[in-house]
Amino acid sequence: MSIATAATPATPSKPGKPDRPGKAVASDRAKAENRLGLKLVAPAVILMLLVTAWPMLRALYLSLFRYRLTTPDDRSFQGISNYTTILTDPLFWQDTLNTVIIMVVTVAVELVIGFAFAMVMHRIVFARGAVRTSILIPYGIITVVSAFAWQFTFSINNGWVNSWFEWLPWIGPDTNWFGAHWPAMFAIMVSEIWKTTPFMSLLLLAGLSQVSEDMLEAAQVDGATWWQRLFKVILPNMRAAIMVAVLFRALDAFRIFDNIYVMTKGAQGTESSSFLTYRQVIEQFQLGMGSALSVLLFLTVLLIAYLITKFFRVDLAQARGEG
Amino acid sequence: MNATRNRIGTAIGFVLILVWCLLPVVWIISLSFKSAAETGVGSPQFLPKDPTLQNYRDILTDNDFLDALRNSFGIALIATFLSVILATLAAYAIARLEFRGKRAVLSLALAIAMFPVVSLVGPLFDMWRTLHLFNTWPGLIIPYMSFTLPLAIWTLSAFFREIPWEMEQAAQVDGATSWQAFRKVIVPLAAPGVFTAAILTFFFAWNEFVLAISLTSTTRSRTVPAQMSFFVGPDPFNPPYGQLATASVVVTVPIIIIVLLFQRKIVAGLTSGAVKG
Amino acid sequence: MDRVRRGVAAAAALITASGLLAACAANADSGKAQLTWYINPDSGGQAAVAKSCSTDDYTITTQVLPQDASQQRIQLARRLAAEDPGIDIMSIDPPYTAEFANAGYLAPLPQELQDKLKDQSFKGATQAATWDGDLVVAPFWSNVQVLWYRKSFVKKAGIDMGRPVTWDQIIDAASKNGGKVAVQANKYEGYVVWINALIAGAGGAIVSDTEKGIDASIDIDSDAGDQAAAVIRKLARSKAAPSDLSVSNEGTAGATFGSPVGAFLTNWTYIWTNYDAAQPELKKDIGYARYPQTVEGKESRPPYGGIGVGVSKYSHHVDESLKAVECITNAKSQGLNAELTGNMPASAAGYEDPKLHKIYPDDLLKLFQDSLNAATPRSVTPYWSDISGSIQSTWHPPGSVGTSTPGDSASFIDDVLHGRRLL
Numbered sequence: 001m002s003i004a005t006a007a008t009p010a011t012p013s014k015p016g017k018p019d020r021p022g023k024a025v026a027s028d029r030a031k032a033e034n035r036l037g038l039k040l041v042a043p044a045v046i047l048m049l050l051v052t053a054w055p056m057l058r059a060l061y062l063s064l065f066r067y068r069l070t071t072p073d074d075r076s077f078q079g080i081s082n083y084t085t086i087l088t089d090p091l092f093w094q095d096t097l098n099t100v101i102i103m104v105v106t107v108a109v110e111l112v113i114g115f116a117f118a119m120v121m122h123r124i125v126f127a128r129g130a131v132r133t134s135i136l137i138p139y140g141i142i143t144v145v146s147a148f149a150w151q152f153t154f155s156i157n158n159g160w161v162n163s164w165f166e167w168l169p170w171i172g173p174d175t176n177w178f179g180a181h182w183p184a185m186f187a188i189m190v191s192e193i194w195k196t197t198p199f200m201s202l203l204l205l206a207g208l209s210q211v212s213e214d215m216l217e218a219a220q221v222d223g224a225t226w227w228q229r230l231f232k233v234i235l236p237n238m239r240a241a242i243m244v245a246v247l248f249r250a251l252d253a254f255r256i257f258d259n260i261y262v263m264t265k266g267a268q269g270t271e272s273s274s275f276l277t278y279r280q281v282i283e284q285f286q287l288g289m290g291s292a293l294s295v296l297l298f299l300t301v302l303l304i305a306y307l308i309t310k311f312f313r314v315d316l317a318q319a320r321g322e323g
Numbered sequence: 001m002n003a004t005r006n007r008i009g010t011a012i013g014f015v016l017i018l019v020w021c022l023l024p025v026v027w028i029i030s031l032s033f034k035s036a037a038e039t040g041v042g043s044p045q046f047l048p049k050d051p052t053l054q055n056y057r058d059i060l061t062d063n064d065f066l067d068a069l070r071n072s073f074g075i076a077l078i079a080t081f082l083s084v085i086l087a088t089l090a091a092y093a094i095a096r097l098e099f100r101g102k103r104a105v106l107s108l109a110l111a112i113a114m115f116p117v118v119s120l121v122g123p124l125f126d127m128w129r130t131l132h133l134f135n136t137w138p139g140l141i142i143p144y145m146s147f148t149l150p151l152a153i154w155t156l157s158a159f160f161r162e163i164p165w166e167m168e169q170a171a172q173v174d175g176a177t178s179w180q181a182f183r184k185v186i187v188p189l190a191a192p193g194v195f196t197a198a199i200l201t202f203f204f205a206w207n208e209f210v211l212a213i214s215l216t217s218t219t220r221s222r223t224v225p226a227q228m229s230f231f232v233g234p235d236p237f238n239p240p241y242g243q244l245a246t247a248s249v250v251v252t253v254p255i256i257i258i259v260l261l262f263q264r265k266i267v268a269g270l271t272s273g274a275v276k277g
Numbered sequence: 001m002d003r004v005r006r007g008v009a010a011a012a013a014l015i016t017a018s019g020l021l022a023a024c025a026a027n028a029d030s031g032k033a034q035l036t037w038y039i040n041p042d043s044g045g046q047a048a049v050a051k052s053c054s055t056d057d058y059t060i061t062t063q064v065l066p067q068d069a070s071q072q073r074i075q076l077a078r079r080l081a082a083e084d085p086g087i088d089i090m091s092i093d094p095p096y097t098a099e100f101a102n103a104g105y106l107a108p109l110p111q112e113l114q115d116k117l118k119d120q121s122f123k124g125a126t127q128a129a130t131w132d133g134d135l136v137v138a139p140f141w142s143n144v145q146v147l148w149y150r151k152s153f154v155k156k157a158g159i160d161m162g163r164p165v166t167w168d169q170i171i172d173a174a175s176k177n178g179g180k181v182a183v184q185a186n187k188y189e190g191y192v193v194w195i196n197a198l199i200a201g202a203g204g205a206i207v208s209d210t211e212k213g214i215d216a217s218i219d220i221d222s223d224a225g226d227q228a229a230a231v232i233r234k235l236a237r238s239k240a241a242p243s244d245l246s247v248s249n250e251g252t253a254g255a256t257f258g259s260p261v262g263a264f265l266t267n268w269t270y271i272w273t274n275y276d277a278a279q280p281e282l283k284k285d286i287g288y289a290r291y292p293q294t295v296e297g298k299e300s301r302p303p304y305g306g307i308g309v310g311v312s313k314y315s316h317h318v319d320e321s322l323k324a325v326e327c328i329t330n331a332k333s334q335g336l337n338a339e340l341t342g343n344m345p346a347s348a349a350g351y352e353d354p355k356l357h358k359i360y361p362d363d364l365l366k367l368f369q370d371s372l373n374a375a376t377p378r379s380v381t382p383y384w385s386d387i388s389g390s391i392q393s394t395w396h397p398p399g400s401v402g403t404s405t406p407g408d409s410a411s412f413i414d415d416v417l418h419g420r421r422l423l
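Chains A, B and C, in that order, are what the protein sequence lines are.
Take 1 as the starting number for the first sequence in this note's numbering and just add one per residue.
Take 1 as the starting number for the second sequence in this note's numbering and just add one per residue.
Take 1 as the starting number for the third sequence in this note's numbering and just add one per residue.
Calculated directly from the structure, the hints in this document are not laboratory data.
Note that the Cβ used here is the ideal one computed from N, Cα and C, for glycine as well.
Don't take every hint at face value.
As the list claims (entries may be wrong) - To give a feel for the contact side, a few chain A residues facing chain C, derived at Cβ under 10 Å: (1) Leu69; (2) Thr71; (3) Gln78; (4) Thr175; (5) Ile234.
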């Protein structure tokens, strides 16, 4: 979860800034304003670049070496061979596939559940505070805690899933959820979905409240069914909110790490791209190979962001009304 | 007829939301009252057979866990404080001033919000170990600041654009400089927004895991999520279910308190722009 | 603007101060040297040894590492790579000793101490602690696995445990009589411990010529490897396999053994006292025998584990730490540790502690020592974590192990060592 909260969603209707008479004043003033503006953003920009751009450049450099921390003598320039090794390795593709599956499934499920929650929160007239509070608890909870809670839920010795759902044909008292690929993926996705649906539903709630009640009433008077109103009126009017929610959740889901680390440590082929990168760098001290993976992961995220914005045909910065 | 059906649907939805959101929380609370003996032999029933407070006594006297709590609070609070200061300056400039490169700043913030944190772990570790920042508080505070800045800048600039600027102009007409106008007029008006940004920033820093396990190695700077993933109970070969659940409950209490007190603000912070648009 | 600048400066100062604060907290207390000993988790043995080995010149305090051996390696190695002086003494799991020594993280042990330790320690313990001809860590405790069985079950199944048994025999006996054979087969180091013992029991090895680094000879694709794979395959596909086989570790295997279906268990020495608190009635029913044979008639090679104690090269107190290590690993300390934790001494002298004889039957202590003398440590190589990881990737889950597994793992290990494949 996390940074995705930056998705303070779009305000397309609002022009970026209120009109200011200041603009007409002498250009000295404009220059001073420009200088002040730059000075005010400088610390934040420098810090953001310091911790991202600089290390990323260093990763680019390290990715050209065979370099392992615990065998320092064994360091040599490799050119792009780390990249060719990775791109021809089945493990890399398996992990990328896992990550994409997790991303697509969790975002799709969250979109549906989140929308249902948003509808309820939008309609509800009693206990609004209680609903808001309870929905914010998964949002605020530490992901590691969520992972533990669900790991224990699915635990073969100490979990309640096997006893509560024993009536289902494929679940028995000794169903080992972490013993095979798909059940383990399922458990991981449940934890991810539980933890991040609230974020999704709050963004959708914001979008929902933008849909005009007049239009809905008009549609109802015209005899539109509930489904027609949903697909013809509500959803189209929420496009910007849905787009922001999907973009941020998708990129957040693509970075999935905490749940996998706690629940399976990547066993049963449940590893994600982030987990693979982490293991190469931190567990195996392969700074060269790990850096190459870091660079590839970064490029993949850029690609996904590009594809989603193209797919929804929305320019984020414009949507926010910023010049 | 239709209205009744709607109301029933909403009521069912209400119950479902509560169950979905709270069941896992109730489950870890229940688990935290199960004794080690009970979980050791396997205890699949939901409620403890023989509730005990032993786990709480153990956790609250476990120095490693208390150190981790101290680190978590210290690191999260310092990172939040500094991040919100920098973000306030930047968001003020973005919402209020005309300057070159504004769009670039926003795009940078957006890019960093989407950045795959794990791809920084390698180079950051390598840099931190040479700068002797590995396994220190600043070693976590610095990256936490830069990763919470986008969130804080976006939330704050959304709030700032709602502030009645005429008041600032009035102050400026009265002879105040831009900086004075900012400090005397805007800061008090912006305080609620700043507070909201601070809560969201704190949540991020409190929750962060990837950097916490990669850039720390002892209780000198290890935060709660990392400490929990290394949790060692009295039995070296079995994870201490009850104690892990208890630790989970303990670290969730601050979150629940913040949520109970500030739920309106948090929801507003997460949805600000859209609601008002 | 001045205020802005001052604000930024204050922020920077705050960051620095928080760092200094944390640093001070770590080095508080001056005068008497503080030696920090990083220990693997146990039930208080090492803490007691630290206390008894503290002198007027230095105090030894302990810090606990994570539970999992590979996590312990990661925590230590990262800090050593950062040249952190906060570590003085550390408990190192045998398979990672070579990596630490080869990377130059360990302060050399003085020759007299090496000679003394070589004299007192079991052969396997010395072997596991030696890199490049030198003893690089001091063997502290030595663990070994034996075959634990439920007497009632064996009686029902009618097997003679007086003679060496094979894996085939116990798997058959368990599956015919509704019992389980509990082992360690999660995707972790403990699974490789099992595989290594099976291969060694068939007269083979995973790798040899390890001084050649990444060009070591990879021997897992052999008859011995095939026989090991056959045992794992047989257990995984038999009714004797516990339902959590693919995620089982020492703890879950112990729980399976203690449950009504428990029959056989291969596990470390601590099992003897494991059930004292929760299931005291079990003790009467626990029998023990030599680790099962991979191939009938060929002496079994039980898994070797334990801890060696090393001194960090980056410590500010290397001399004091070496003195402390000498005390930590003497026979008296080894006995004290064994008595508190069930982790057995690395030397025959340590076994003479009278208190141990109160807790453990004499024939069990003898079984432990015989097993230790026959035990085969995992190969000593700086690349062990890569080799072990490669085996975990190719041999897990146990149900997937087949006739091609040893060959696949051999080529995979080779590719990983040469950077041609991702691990």
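Outcome of the hint check:
Contact between Leu69 (chain A) and chain C, as hinted, is supported at the beta carbon level, the nearest pair being about 5 Å apart and thus within 10 Å. With 10 Å as the threshold, the beta carbon of Thr71 (chain A) comes within range of chain C, its nearest partner Cβ sitting at about 6 Å, so the hint holds. Here the hint on Gln78 (chain A) is kept, as its CB sits about 8 Å from the closest CB of chain C, short of 10 Å. The criterion of a C-beta within 10 Å of any C-beta in chain C is met by Thr175 (chain A), whose closest approach is roughly 8 Å, and the hint holds.
Hint on Ile234 (chain A) is violated. Least Cβ distance to chain C is approximately 45 Å, over the 10 Å limit.
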